[in-house]
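Engineer: Sequence:
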Amino acid sequence: MKQFLLFIFLLISSSNFAQYPFLRSYTVDNGLPSSNVYRAYQDSKGFLWFCTDKGIARFDGYHFESFSTKNGLPNNDVWQCAEDNQKRLWFLTYSESFYYFDINDNKFYTIPNPYPDLQDTHIWCYVQTSPNTMQVILNKRFEVLEIDVKNRKVKRYSPPKIGNQSYPFINNKTHLSVNMSVGSAFTLRAYSEGLSHNIKHVPHVLPDFFKSKFPIQIFNKLITILFEDDKTIYATAENLVVYSKNGLKEIPTSSISSFKNNNLTLLLSTGSPKYKLCVTEKESFLLDENFKRLHQFDFLNRYVINTIYVDSEENFWFCTKDKGLLFLSKQAMNSATYNFADGNSVVAMQQYGDKLIFGTGKGNLYRIEPNQSITPLEINDPIQLPVRDIAITKEKAMVAYYGMDYTMYSTKSLLTKNKLTINKIVKKNGQYDLYEPINKKYDGECIHWIDYKTIDTLNSKTIVGYNALMMVKLIETPSHYRTKRIFTKINIPKIIAMHTGVDSSIWVGNSKGIYKLSFADSTAQYFDSQKTKYPLLRKPVKCIISTKDKKVWVGTNGFGLYAFDGKSPLVIQELTYENINAIYVDDKTKTVWAATNHGVYILSDINYRAQSYQLKKLSVIQGLPTHEVYCLSIQKDWVWIGTANGLFKIKMKHILNTESQNANVPLVIRRVKVNNQDTLVTSHYELEHTQNNLTIEFVALSYMSNKNIKYQYRLLGSSQSDTLWQEVDELQLSFPFLPPGNYTFDLRAYDVTGQATQKVNPISFHIKAPFWQETWFRLIIVGIVALGAILALYARIKFIRKAESERTAANKRFAQLELQALQAQMNPHFVFNALSSIQYYILNNAIEAANDYLSRFSRLMRLFLESSRNKYISVHEECELLEYYITLEQLRFKNRFTFEIQIDDEVPQELEIPSMLIQPFVENAINHGLVYSKNNEGILLIHFSLLDDYVLCTIEDNGIGREKAAELKQKSLKSYQSQATQITAERIQSLKYIEETKVEVNVIDKFNEIGESQGTKVEILIYL
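Per the working numbering, residue 11 is the first one in the sequence shown, and the count goes up by one each step.
Hints should not be assumed to be uniformly reliable.
Derived pair list, reagent style PhoX-like, types lysine-lysine, alpha-carbon separation capped at 25 Å [stated by the list, open to error]: (1) Lys451 to Lys429; (2) Lys552 to Lys577; (3) Lys561 to Lys541; (4) Lys769 to Lys683; (5) Lys165 to Lys150; (6) Lys117 to Lys683; (7) Lys340 to Lys769; (8) Lys427 to Lys646; (9) Lys422 to Lys450; (10) Lys429 to Lys372; (11) Lys522 to Lys499; (12) Lys437 to Lys504; (13) Lys284 to Lys302; (14) Lys463 to Lys372; (15) Lys626 to Lys769; (16) Lys434 to Lys463; (17) Lys404 to Lys646; (18) Lys64 to Lys80; (19) Lys463 to Lys504; (20) Lys717 to Lys55; (21) Lys577 to Lys558; (22) Lys720 to Lys683; (23) Lys526 to Lys561; (24) Lys97 to Lys210; (25) Lys1027 to Lys1008; (26) Lys717 to Lys626; (27) Lys598 to Lys560.
Per label pair, the in silico range of CB-to-CB distance [what the hints assert, rightly or not]: (28) Asn230 to Arg681: 51 to 57 Å; (29) Ala805 to Thr733: 48 to 54 Å; (30) Gln919 to Val1011: 22 to 28 Å; (31) Lys97 to Lys150: 25 to 31 Å; (32) Leu864 to Lys808: 55 to 61 Å; (33) Ala796 to Gln999: 36 to 42 Å; (34) Asn390 to Ala766: 53 to 59 Å; (35) Glu977 to Asn1018: 15 to 21 Å.
Hints listed in this document are in silico derivations from the structure and should not be mistaken for laboratory results.
These numbers come from a predicted model, not from an experiment.
All residues carry an ideal CB built from backbone N, CA and C; glycine is no exception.
Taking the hints into account, I'd like the entire structure generated from these sequences.
Structural biologist: Below is the structure:
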């Protein structure tokens, strides 16, 4: 048979409330393939495997990874698995195929069954006979097949008959064939129960049934057989028969049961020799390796259990028929959790004598008796608001609720009665005094008046309380309840927490820190200087409790826990940013307990002067149903804790006397991806420069930690600070675009107790540099660059020599051009005409005119000669030269035109331009344009302006235009050809080459609206 279901029927606990250790539940909603889980198994890496009727699941403490026919499995119905010596996990399922999971390369492999007549049966066992040889036993005729794993071949096999030590291959003389029918359910279960031994070919410890004193008659009553490394256990309803190398031992069921006439119904292996689950007709309990009773498991009456498994942390996994998986940590077995129908949150708790009173988030009250039983307190007209606080004196008890209500009970009634009656009193809002008669027929009064934020007992008869308006004493006289306002002259607003000290004082706290009020003189200590020196003292207070040595422990809202003696604090550094919900001081053990949103912290060995202490944590490992804890108290040896998910209890010795465990949690590198591609995980990687995107997945396999694991890593070689450990929240790290080099990835982790996990070997990566970063390539590049530099230097020298030669030639040519320009300016026609004009004035006795003309002519000649000696002259000097020249040309052409030379104010007087550059263009304007003007209407305009980065010279005339002048020139018989324009063009090129002076010339023909020429405009742009 493929499964053996366990139905457990136990007596319901006689307590008012069922108490169970907190069980963590995993179902289909968490990722299981099915709620029917047959078995659990932990592989050599530490992963847990679960076999179900709808596939296989692998669990790492965070996520379930499911495998089914969708992932290539031949069948979903898998009921057991075990690992061979080559780290291959084999599965018991149907026999149409045989498959295993290779733990080393993280893959499934399937080997088909070639025998059709054996494909419709079950696989009951595997035996490894060599590294790559597996023998498989089928339930059909006990057929045996031999699998060649390496070559993926299957053949029939006939096992030799060599006696019972070759079990499970049996001969006709063994008890199985003599006393049981072949193929019976018992026989097959015996085979599957021994799978982990058989698969590794571990011989079972079996007696010689016929030669020894073994009680062979037990086989007629046999319930189960358990195979362990050093013994075999045979179970019947009345006895356990244990055979080991030390001999035979019989254990009557009555010696381990707590009931009479309580027969054994089942004995289950847990996968660990330390524990066995014993199920009787009336109870379930755990046995240790010496068959001593350990723990009662009454909670199993709620479930149908298939099997139980204990992992490497000694956590218990219960595989159920229809509830998935149940998880119980080893430490949680010593605890119990109570759940309540009215809501699970327990929000307030107060001890009085040997009893505890606690309240819930729904307003209900309960009493914990000295024997740990819980009594619900029935109230005739309950207040359905969350309980805020509880204070109990010798005669009166007060319960404050969130809102405007509180109740005052007779302490005797609260501690002894199960049903309480209350009388409701409504006071008007804003009234400061209370004076109400006591109605003796009720157990208490519910007063709707003010919202008490915090309350505490002042002495055996008086309770003090604070709301947003005032602090009061609540006093009971023989006939009335009354209040008396106190500390009316002290203004400490919005007190949140308070606790009365041993020296007639009250410690209070609000959002601005702590204060101390004195009843002796009605004064307050504000601790301003201490708050300045120690800023923690001014942080928001959540709870306060004073001690007999006149110190006070303060829990803050988000800033941790500290003790204060009025001078300086003792700060609990590990809790720096915790929300402290409640504090309890146990004088007997000299410990301080702090309830937080992350569990309970216990301080011991506290030395205020040395600022030292020991810190332990109570968490879900010990069975806390949640880390969100609201209140706690200690009753004798039991610790009672109110949480968001119920009431929790545990014996103090299981917290204070626990020893640190050695590192047993595996830390596993699950995957290493290179460029998002899976690789086989190894200790060293040689990678190309393009393989520089790394992703590393990891997990610490601590199932008790319930994901509360701290991971730290470092990537040595990545930066200057690579030796520092960095925390990471995710279960993977990505390192994109790593430059070439050597890297070492190091990882460590700490479980929920703070213990380090097993070490994981560092992984090294060598990312090769691209060929252009290799030394040989760099040497080649250096050689090429050096050769190129030499060739470039040679070419540069050659170029400089050539440039100097060309510059020398250009300078020579420039000098020639300057001479030619001078010659062009002093052309024969101009000189002849000028001298003729002078002669004309002399012959006509126009002595003054001749003298003036001659003076102008000589001045012009001198300016021509001076400008020929300088490459540059100022704009104003150029204008003077042009003025003399144009004046003489006016005389020469008998005033056929007028002229004007304009210089903008923006043009500096010292601004220089190339010499002998403008005159040729002026000469052209006169000789080829204005000379043909009629009626002396010619106009010549010369204009100098300074623009962004150049001087603009504009020469504009209203002559006949270039086209008409060209026609007249062709008809002219004159032999003289002016070279001025061509020489000027060559000079412009020489200026650009030699002096790097850029000059542009634009000639623009002017026309009127009907297309008639209106003259010529020349623009000369001289760049600065």
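Engineer: Does each hint fit the structure? Answer for all of them.
Structural biologist: Consistency of the hints with the structure:
| no. | hint | in the structure |
| --- | --- | --- |
| 1 | Lys451 to Lys429 | 13 Å, holds |
| 2 | Lys552 to Lys577 | 21 Å, holds |
| 3 | Lys561 to Lys541 | 16 Å, holds |
| 4 | Lys769 to Lys683 | 21 Å, holds |
| 5 | Lys165 to Lys150 | 16 Å, holds |
| 6 | Lys117 to Lys683 | 16 Å, holds |
| 7 | Lys340 to Lys769 | 23 Å, holds |
| 8 | Lys427 to Lys646 | 22 Å, holds |
| 9 | Lys422 to Lys450 | 13 Å, holds |
| 10 | Lys429 to Lys372 | 18 Å, holds |
| 11 | Lys522 to Lys499 | 19 Å, holds |
| 12 | Lys437 to Lys504 | 22 Å, holds |
| 13 | Lys284 to Lys302 | 10 Å, holds |
| 14 | Lys463 to Lys372 | 18 Å, holds |
| 15 | Lys626 to Lys769 | 24 Å, holds |
| 16 | Lys434 to Lys463 | 20 Å, holds |
| 17 | Lys404 to Lys646 | 20 Å, holds |
| 18 | Lys64 to Lys80 | 11 Å, holds |
| 19 | Lys463 to Lys504 | 8 Å, holds |
| 20 | Lys717 to Lys55 | 18 Å, holds |
| 21 | Lys577 to Lys558 | 17 Å, holds |
| 22 | Lys720 to Lys683 | 23 Å, holds |
| 23 | Lys526 to Lys561 | 11 Å, holds |
| 24 | Lys97 to Lys210 | 11 Å, holds |
| 25 | Lys1027 to Lys1008 | 20 Å, holds |
| 26 | Lys717 to Lys626 | 19 Å, holds |
| 27 | Lys598 to Lys560 | 17 Å, holds |
| 28 | Asn230 to Arg681: 51 to 57 Å | 54 Å, holds |
| 29 | Ala805 to Thr733: 48 to 54 Å | 52 Å, holds |
| 30 | Gln919 to Val1011: 22 to 28 Å | 25 Å, holds |
| 31 | Lys97 to Lys150: 25 to 31 Å | 30 Å, holds |
| 32 | Leu864 to Lys808: 55 to 61 Å | 56 Å, holds |
| 33 | Ala796 to Gln999: 36 to 42 Å | 39 Å, holds |
| 34 | Asn390 to Ala766: 53 to 59 Å | 57 Å, holds |
| 35 | Glu977 to Asn1018: 15 to 21 Å | 19 Å, holds |
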